[in-house]
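Position chain B against the provided structure of chain A, taking the given hints into account.
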Amino acid sequence: MPAITEIIPLPELTTDDLSRYSRHLILPEVGMEGQQRLKAAKVLCVGTGGLGSPLALYLAAAGIGTLGLVDFDVVDASNLQRQIIHSTKDIGRKKLDSAAEKLTALNPALNVVKHDTMLSSANALDILKDYDIVADGTDNFPTRYLVNDACVILGKPNAYGSIFRFEGQASVFATEDGPCYRCLYPEPPPPGLVPSCAEGGVLGILPGLVGVIQATEVIKLILGKGSPLIGRLLLVDALNMRFRELKLRKNPECPVCGTNPTITELIDYQQFCGILPESKEEKTMKNGIPQLTVKELKRRRDAGEDVFLLDVREPYEYQIAQIGGTLIPQNDVPNRLAEIPRDREIVVQCRSGARSQRIAEFLKQSGYSKVVNLAGGILAWSDEIDPKVQKY
Amino acid sequence: MKIFIPTPLRSFAGGQDAVDVSAATVTEALDRLTESHPDLRRHLFTGEGKLRAFVNLYLNDEDVRYLPAKEGTQVSASDTLSIIPSIAGGN
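Order-wise, the sequence lines are chains A and B.
Each number in this note's numbering comes from the position in the first sequence (counting from 1) with 44 added on.
Each number in this note's numbering comes from the position in the second sequence (counting from 1) with 101 added on.
Derived by calculation from the structure, the hints in this document are not laboratory data.
Careful: at least some of the hints might be erroneous.
Said to hold, decoys possible - Dumping the calculated DSBU-like pairs for lysine-lysine here, alpha-carbon to alpha-carbon at most 30 Å:
id, chain 1, residue 1, chain 2, residue 2
1, A, 294, B, 171
2, A, 291, B, 151
3, A, 294, B, 103
4, B, 103, A, 291
5, A, 294, B, 151
6, A, 138, A, 432
If we strip away everything but chain A, and leave its shape as in the complex, we get:
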């Protein structure tokens, strides 16, 4: 396939470039022209987290001319287990600034373009249009579909990578003859079915592995060398260290990249993924379960009210931090109902309020008449009531 930057006059390499990239220059697959193509290329990294960290670092090292970064998040201690572009001193700092600093330290000739925003239907086309290739390192379904559709509409290849616990996927979507993300997955899973890294956990090294695979694909597309993952889904199982490959086909009936596309504009991706905006009512009631704020729980405890706090997290979480709840891990609850009084109000609590909501609903279905969910969980307690309670 023709290299992306074929029709643009290639930039000259400086003497610094020649010494820096000597190991590339002596490779037949790169050479002077290949390195010039890399220098001319403009790549957009969506996300500077787990996948974005190694991705951006290796692209900067390889001599990409312009690297756009999209991230609106702030560095948190729990990121440092895997987001290696950030350092301990960056905790609390904008990821964009932290990433840009490391990238330009590695390669001062790199042109970093910071997009301090959340990618949305309103800005995606405008942001993506100036780049040659997009590398998707985001962490949620709505953005994955947004990036995919924008890439297909604009004709920009998408070096895709995604991870879950210790498994990863990688491919290249949105090339002219190849499939797009929707050819593989026409619809997203219902919200809440596939946990995020915060809820499901992730092996720290995994995004390192997959992110570098994405960077490799970006570089191959720019050079026009090797065999890219177009029409191929690479599956990585880090625990068993097995790599498998599945064939991906372009779906002729794909609504975005098929022969008769029905989607030619960006849509509301939150709605597409079934994520409804939180109504005012939901702040106080969700699926029939009253939501208790941490402030209100504190007030009740301080007033000496007899509150039964049911903590449905796992024992290792309880060891990290707890607020005096009775621990019955969520999967044990159905077998331990005898320990949960029916005549008192039960306040169900977990880390962020999601698991506890599900258990609260289960208790209600099991005949408990006074069940409330602690909205925001122990994280909210730490934020609003007692910062000494360890967040994790």
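Just chain B now, with coordinates in the frame of chain A:
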């Protein structure tokens, strides 16, 4: 034949990453799987019995949707079925 269970669904398959079943077609293999692991059924199939759109099924390395006989395709003991759900983690 072996059916590979993806990480997000392993807790519904008794924690296993692969299950062995005896079957003549893809459909039969899935039926065998969900008979012994009923929780998997609602995660894999809609109420109407269709495979959920965010789950893909591969017979060896081919997407079942593109096989001429689709789920009716005959399988042998040395074939493998892979269930590949969409995952979005990146952060």
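ask   = So which hints don't hold here, by number, going up?
value = Nothing - there is no hint that the structure violates, so all of them hold.
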